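Take the sequences, apply the hints, and build the full model.
In terms of the working numbering, the sequence shown opens at residue 2 and continues consecutively.
No lab work stands behind these hints: they were computed from the structure. Keep in mind it's a predicted model, so treat the numbers as computed, not measured. Incorrect hints may appear among the rest.
Claimed, not checked - Okay, the calculated beta carbon distance ranges per label pair: (1) Y240 with P187: 20 to 30 angstroms; (2) P315 with D108: 36 to 46 angstroms; (3) P214 with G112: 22 to 32 angstroms; (4) R159 with P214: 34 to 44 angstroms; (5) G317 with D351: 21 to 31 angstroms.
To be verified - Under the rule of at most 30 angstroms between Cα atoms (straight-line distance), these lysine-lysine pairs were calculated in the DSS-like manner: (6) K97 with K73; (7) K113 with K216; (8) K113 with K73; (9) K216 with K301; (10) K97 with K54; (11) K310 with K216; (12) K272 with K97; (13) K216 with K272; (14) K305 with K262.
For every residue, glycine included, the Cβ atom is placed at its ideal position computed from N, Cα and C.
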Amino acid sequence: MRMKPVSFALVVLGALLPSPTPAQTAAQEALEKAGQLLNAHEDLSHRVDVLEKLIDDVLWFQRVGDLAVVEKVRIFGPALANETDPPPSGPGNPFKFYTYIFTPREDFGGGKLPLLVLPHGGVHADFTTYYSRIVRELLAQGYIVVAPEYRGSTGYGRAAYQAIDYGGEEVGDVLAARDWAAENHPRVDAGRVGIIGWSHGGLIALHSLFDHPDKYAVGFAGVPVSDLVQRMGYLGPRYQSYYDVDYHIGATPAENLEEYKRRSPVWNVEKLTRPVRIHGNVSDEDVNVIEVEHLVQALKAAGKDFEYKIYDLPGGHSFDRLDSPEAWEVRPLIYEFLARYLSPPRPNIDLGLRASGRASP
Numbered sequence: 002m003r004m005k006p007v008s009f010a011l012v013v014l015g016a017l018l019p020s021p022t023p024a025q026t027a028a029q030e031a032l033e034k035a036g037q038l039l040n041a042h043e044d045l046s047h048r049v050d051v052l053e054k055l056i057d058d059v060l061w062f063q064r065v066g067d068l069a070v071v072e073k074v075r076i077f078g079p080a081l082a083n084e085t086d087p088p089p090s091g092p093g094n095p096f097k098f099y100t101y102i103f104t105p106r107e108d109f110g111g112g113k114l115p116l117l118v119l120p121h122g123g124v125h126a127d128f129t130t131y132y133s134r135i136v137r138e139l140l141a142q143g144y145i146v147v148a149p150e151y152r153g154s155t156g157y158g159r160a161a162y163q164a165i166d167y168g169g170e171e172v173g174d175v176l177a178a179r180d181w182a183a184e185n186h187p188r189v190d191a192g193r194v195g196i197i198g199w200s201h202g203g204l205i206a207l208h209s210l211f212d213h214p215d216k217y218a219v220g221f222a223g224v225p226v227s228d229l230v231q232r233m234g235y236l237g238p239r240y241q242s243y244y245d246v247d248y249h250i251g252a253t254p255a256e257n258l259e260e261y262k263r264r265s266p267v268w269n270v271e272k273l274t275r276p277v278r279i280h281g282n283v284s285d286e287d288v289n290v291i292e293v294e295h296l297v298q299a300l301k302a303a304g305k306d307f308e309y310k311i312y313d314l315p316g317g318h319s320f321d322r323l324d325s326p327e328a329w330e331v332r333p334l335i336y337e338f339l340a341r342y343l344s345p346p347r348p349n350i351d352l353g354l355r356a357s358g359r360a361s362p
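Shown next as structure tokens:
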């Protein structure tokens, strides 16, 4: 058999090159071993995430089961954005993911109920019982809540983690969860759907309002990630590494500025046509208030009608999600804003904990 020219050239080149020294061979073997250990560590990390997710799923029933029917359904969203290893059937298959559905046990007179879509934060994270008190408060008002575990979420293994598309097709996953509930849940009023999120969930809420205004009547964005270009600057290389890996954007802002702008709400404000309320906090240790202020300035410059407030309260990034008197003062303002457009059957509820230990709704 005749050897191909390229193969022959490689054989000749290999013969001409000096043999590696024992030290070079040892160094190469050490690098390969380190790579194997790193890969094993990542696999173990994902397995621990799966275990944590299973435990937290049990906690959801314990924390809200008295108020809600808790379900977890598996649905699909858009095709993978960066499909490096397509199946034999070819690329373009939809991304499959789970979403939580929380339905009030109370019938509220038998009528249909408004729906709130609640995407979790990130970069990589999942919908945990961190949100259980807020879900309870929404259920008590008469909302059905859908919480999608969109691509990039933790707790579902490496493949779901590396499917991340921050500010991209994950918005399509959230829309798919919204549409599934609106089309298949017998108690959902498809004409009364809103979206609410904090941090990265706030970014998703804003992009959802920008790109799918026919699907959402109103939105709330708490301490939202607003400008990825600005964010990379003040959080530095370690944070940047989540985005420039080959299975995500695969480039830095310096290498592909337009892609980072496309994924940033502040550069898309001209598309807003739905009512939205935005909160920021001066003491935020995660989303620096400068991002939210930039968003507010951009919306004003675009002539958009919206509501916002910049707070200076303890609690940092979580200031209005805590079980604190300050948070109990802020959350009713969010709920009052949403109620104007979604008309839940019981918009006024008491959020405070009583000295007797009675939990809020």
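Verification of the hints:
1. Y240 with P187: 20 to 30 angstroms: Taking Cβ atoms as reference, Y240 and P187 lie about 43 angstroms apart, which means the hint is violated.
2. P315 with D108: 36 to 46 angstroms: Once the Cβ atoms are compared, 39 angstroms apart, the range 36 to 46 angstroms for D108 and P315 holds.
3. P214 with G112: 22 to 32 angstroms: holds (25 angstroms)
4. R159 with P214: 34 to 44 angstroms: Since R159 and P214 have Cβ atoms about 35 angstroms apart, the given range 34 to 44 angstroms holds.
5. G317 with D351: 21 to 31 angstroms: holds (25 angstroms)
6. K97 with K73: holds (13 angstroms)
7. K113 with K216: holds (17 angstroms)
8. K113 with K73: Holds, at about 21 angstroms.
9. K216 with K301: Holds, at about 24 angstroms.
10. K97 with K54: Between K97 and K54 the Cα gap is close to 17 angstroms, so the pair holds against 30 angstroms.
11. K310 with K216: Roughly 25 angstroms separates the two Cα atoms, so the pair holds.
12. K272 with K97: Answer holds: K272 to K97 is near 28 angstroms, not above 30 angstroms.
13. K216 with K272: holds (14 angstroms)
14. K305 with K262: With a Cα-Cα distance of about 19 angstroms, the restraint between K305 and K262 holds, given a limit of 30 angstroms.
Violated hint for the displayed structure: number 1, the only one.
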